[in-house]
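The task is simple: from the sequences and hints, build the whole structure.
Chain residues, written in single-letter form:
4 protein chains.
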Amino acid sequence: MTVNLGLIGCGRIGQVHADSINANADARLVRVFDPVEASARTVADRFDTSWTTRVEQIIDDPGIDAVVVASPTPTHVELTTQAVEAGKAVLCEKPIDLDVATVDACRERLGERTDRVLVGFNRRFDPSFADVHARVRAGEIGGLEQLIIVSRDPAPPPAGYVAGSGGLFKDMTIHDFDMARFFLGEVVEVTAFGSNLIDPGIASAGDIDGAVVLLRGASGALCTITNSRRCSFGYDQRLEAFGERGMLSAANQLPTTVRFSGAEHTEAAAPYLNFFLDRYTPAYRAELAHFLAVARGEVAPSPGFGDGRDALVLAEAAGKSLRTGAAVRVDGSVAGGSAA
Amino acid sequence: MTVNLGLIGCGRIGQVHADSINANADARLVRVFDPVEASARTVADRFDTSWTTRVEQIIDDPGIDAVVVASPTPTHVELTTQAVEAGKAVLCEKPIDLDVATVDACRERLGERTDRVLVGFNRRFDPSFADVHARVRAGEIGGLEQLIIVSRDPAPPPAGYVAGSGGLFKDMTIHDFDMARFFLGEVVEVTAFGSNLIDPGIASAGDIDGAVVLLRGASGALCTITNSRRCSFGYDQRLEAFGERGMLSAANQLPTTVRFSGAEHTEAAAPYLNFFLDRYTPAYRAELAHFLAVARGEVAPSPGFGDGRDALVLAEAAGKSLRTGAAVRVDGSVAGGSAA
Amino acid sequence: MTVNLGLIGCGRIGQVHADSINANADARLVRVFDPVEASARTVADRFDTSWTTRVEQIIDDPGIDAVVVASPTPTHVELTTQAVEAGKAVLCEKPIDLDVATVDACRERLGERTDRVLVGFNRRFDPSFADVHARVRAGEIGGLEQLIIVSRDPAPPPAGYVAGSGGLFKDMTIHDFDMARFFLGEVVEVTAFGSNLIDPGIASAGDIDGAVVLLRGASGALCTITNSRRCSFGYDQRLEAFGERGMLSAANQLPTTVRFSGAEHTEAAAPYLNFFLDRYTPAYRAELAHFLAVARGEVAPSPGFGDGRDALVLAEAAGKSLRTGAAVRVDGSVAGGSAA
Amino acid sequence: MTVNLGLIGCGRIGQVHADSINANADARLVRVFDPVEASARTVADRFDTSWTTRVEQIIDDPGIDAVVVASPTPTHVELTTQAVEAGKAVLCEKPIDLDVATVDACRERLGERTDRVLVGFNRRFDPSFADVHARVRAGEIGGLEQLIIVSRDPAPPPAGYVAGSGGLFKDMTIHDFDMARFFLGEVVEVTAFGSNLIDPGIASAGDIDGAVVLLRGASGALCTITNSRRCSFGYDQRLEAFGERGMLSAANQLPTTVRFSGAEHTEAAAPYLNFFLDRYTPAYRAELAHFLAVARGEVAPSPGFGDGRDALVLAEAAGKSLRTGAAVRVDGSVAGGSAA
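Protein chains in written order, with the working numbering: chain L, 1 to 340; chain C, 341 to 680; chain P, 681 to 1020; chain H, 1021 to 1360.
Worth double-checking, as some hints may not be accurate.
Some chain P residues well away from chain L (every beta-carbon gap over 12 Å; in silico) [what the hints assert, rightly or not]:
#, residue
1, Gln737
2, Ala781
3, Pro807
4, Ser845
5, Ser899
6, Gln933
7, Gly977
8, Ser982
9, Ala1007
Which bits of chain P does chain C cover? Going by a derived footprint, with three or more residues having C-beta under 8 Å, they are [what the hints assert, rightly or not]:
#, stretch
10, 837–843
11, 912–923
12, 969–975
Short, incomplete list of chain P residues facing chain C, as computed with Cβ under 10 Å [as the list claims (entries may be wrong)]:
#, residue
13, Asn932
14, Leu934
15, His945
16, Thr946
Hints are computed from structural coordinates only; laboratory data are not their basis. Built from N, CA and C at the ideal position, the CB exists for glycine as well.
Spelled out as structure tokens, the structure:
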């Protein structure tokens, strides 16, 4: 069954979703919205669809089954709420909002209808991370005891971006918090160290540009997250799950399998894929496929609304640990959600 | 500029090409042909296009710019000739024919118009092999001295297939002969050993199911090819180019980057991609993109008609070496073609 | 110049040192001591030397230049002090003591003569870790920003051992604290999470059997340490140093380069070396070579007495963080020592 | 039981053996011989033993149980014969001789006493190659079908060396011929291509500096050997054994496990060990241990005299193929020897 989709937001991430929709035989992009006409028009032309600068033309269109919310973060809650209330399934980009209270108010208003909302933690759909997760759940390593996540961006964002980003934990680490919850289930304690070694502009904006975070799961499993806003050798995205009977790890992606050996060094590979869109293209496509199933009512969304909320709670806890120097207990309500 | 394509042959490889056409925004599949109506209809439905069981409806259609010839090998020369004479660009699956004389007659008839024919040696377009080739040509390893090609299929073909295949050298090794020429340029000498260790049915059909082949290039560079019709761990496709200043190698493709370490073994990856369609999907897509450029008249085809012919000459030479036990000098006419 | 050595303690680690001495052409094992005559005699026979059950016969022997103190931890300070005061160079096994005050008292008593004491943090001499360290110091990755240390033992020690070990941080992590200081120099802040997922006997003994620790260096660099008392796939000892211009990593050691590919998995290696003596044999030998140079007065010991003391301070800080849940600032006196 | 050894020849390879003897607790180096007094004296001093310039003082010394013949190739047969007739076990360096007839005459003369002769094909004792061999014999990959051997030296030998070396096949490939027989057992057919791309001085001396060789085993298994006298990235020594149920491969040795990732490339290792003595130190030590067991009469030598002879036959066959362009059938007498 073809799902008819509307796209809200024609920026970089919106175009990623348009591209996934275009490549999926079961999805049809009906209309795209952007407040800037030129942006809307350009994307519409590229994907051979219609466009609008009035968001109601997506929200209220009965011919549209599902909506991708890829607009700026402060608009996520309002647009998601409207679209859900208009009967649509929603793929809401991360984070849902920068404020837990706002997210909780949205949850209260939507009630059970939050199960129509998929949150855009695309890494759960990365084939390697998903394979590690499935095999851990299948018991291949016995009980999960330790999780090591490394996540480094190739280059820091512009200073202007940092200001409105909510800070490293809510902007970048939030993906890793979701990944930690995906593996650990309920997280009960967080502690964090931050650093400013890369970009003075980030420090001036009151944010950190590197961090290490420790998490404790309710099961007793421990997790470390290592983040950096700069990585000379590309997009560094790795994960190791260690358990009683073994370890499963996911390494970085190389563009080819080619290796060079010469007088200076041997077995050298190319730099890693540099840009998150290249690195995670298969993940975005698999995420869309899951969203289509959600829109058709076939499956519950995972990561769901609660997962988006709980990752945000962990980001706040990490921020508090950073300020106080103490480990922060996390309220029991940050439960496993759809993580299990 | 959109190129309008016709597809001749709706079997497995024909569907691969249909899929590539479907995924390419610059290509449009206008009509598919198969003598079996059910086959034609099924593929047409799947790709939302029209079908025919009369090949003239493709050859003679002025709305079709380019034709993919994916029919059985004995029909390649006739259909390619007709399509070229009807003014179309042709992507002809390998081998052009099993008989060098037939190929030479076609070449004489088409003359310069052979430069409208791209031959389906898809591996030249594999991102890893193409990267090694480009870097060798750029001088990264100095002069090329030795080339090691390993090419093993997951499982032997049905006995019925072997009978009409032209034998291992013309059916399977022909890809490696083209790869050898792609790297070495002109090949001047061939010697080969064969074996029958896998499938008695192949021996009964008068063919071998394993082989090692040595090639000598005009430059003095040497090459080994190792083939097997069976490989327990998947599709084994590797290559090493060794030169004065270093070595570039292309390894097998893994479906993910996941590795498992446990009490029995460490750093274990999954089996390799098993099927040539999975392994070479990116290659088929890049091949089509090159074919579109050929169809538009922008570039000369590589591998061209001459490359298809010369790989066949090497296959015949290998067969002769197998029968005689002697190395076979190859006629100077097996020149570099578009290999350089 | 041959260095004449005495060995105090003929247990497992004492025998490791005897073996290194035996393999070094510049070292001569003059006498071994153990309070248990059978132990002393056995080791003496194996290495063709003399033995004693009276430690004075080593401490007071003018023919002995240097002493390896490989006795139980509670005796380290007293024996090291006596040997230094008798004019000998000392290689003191880690930890110097379980109590910082005792170590500080020893330091005060020995004064400048502490520069005759090498502390047995053998991992600094591991060829791979030493190579990473040298290249980081040489500036190959620019400023060091993040360090990831993974250190897992194959199997938990007997419950009886745990009781007297000083706990995970002073017994096992102390190696990693020294490694962290080796790379970061001065460490200013520590926080830690522990877990009990492996051996209930360890929990009963009041200790943890897994841990993750965060360290902050004075330079702002951050470090994570991940420890486990059990690892199904062998002795897991790895390290990554990440900086502005790149990353240097040291992986686990494989007994051979052999890999197996089959229908179940591909590229599988053997389990890692299981026992610390196999894993670190080259390190123990290089450590001895350095100790001989110390004994000859050619170089200052690194890791020196201060390094042994400062690693212990970090272990105490980690223990305090574990109890309080807060990050612990480390006194400025935990300076870089010979780490630079 | 300690074995008393005499060493004949104090050149580079003689010193390697002296070093292995020195490191083995069960071996005692009684005397070293070299016609050049300075050489004999230097080695004797280094290993704290006696020396002579009269070889009878080794051959006729009843206190010497076993002799290592590491003198120039033309003296191997005579000295080996004398030593065996004097009742000693002999480790004879490769090749036994450059002439098969001379070797056969020696075999006839010694008769059953050839089982006192171990031939110095050290690579059989390399831990990785030995592990692959043992696992192939244990059936881990099912029947062996294909063997790929790559063997490249870092740099060509001096022209003077080449002249007396017997040529690439008898000097360098002979190791690979032995390795092929070690895996394949009886070899029945050989064909070879050579090249001169590296050193004009080698061509002037009438030799080749690169080669590819095909071998066919009596079992039907096929083997390729790729040789080069120059390799920019070190000593390239690899092997792959492919069978019905899988593949076992042995890769190159790296000095450490350190990898570097930066803006230019990722996962780069150091160049390989450059010199055969570093690469094969463990192999030489294991070879000596086997020789001690031979000397004690505990085991038959493997590789034995027949293995030394049969590898030479393959080298001659390859040379003949090179000259004639034809595959060369090998006489049935080149049987498996101790290869199985």
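Checked hints:
no. : hint    : verdict
1   : Gln737  : holds, 48 Å
2   : Ala781  : holds, 26 Å
3   : Pro807  : holds, 17 Å
4   : Ser845  : holds, 21 Å
5   : Ser899  : violated, 8 Å
6   : Gln933  : holds, 16 Å
7   : Gly977  : holds, 38 Å
8   : Ser982  : holds, 26 Å
9   : Ala1007 : violated, 4 Å
10  : 837–843 : violated (count 0)
11  : 912–923 : holds (count 3)
12  : 969–975 : violated (count 0)
13  : Asn932  : holds, 7 Å
14  : Leu934  : holds, 7 Å
15  : His945  : holds, 4 Å
16  : Thr946  : holds, 5 Å
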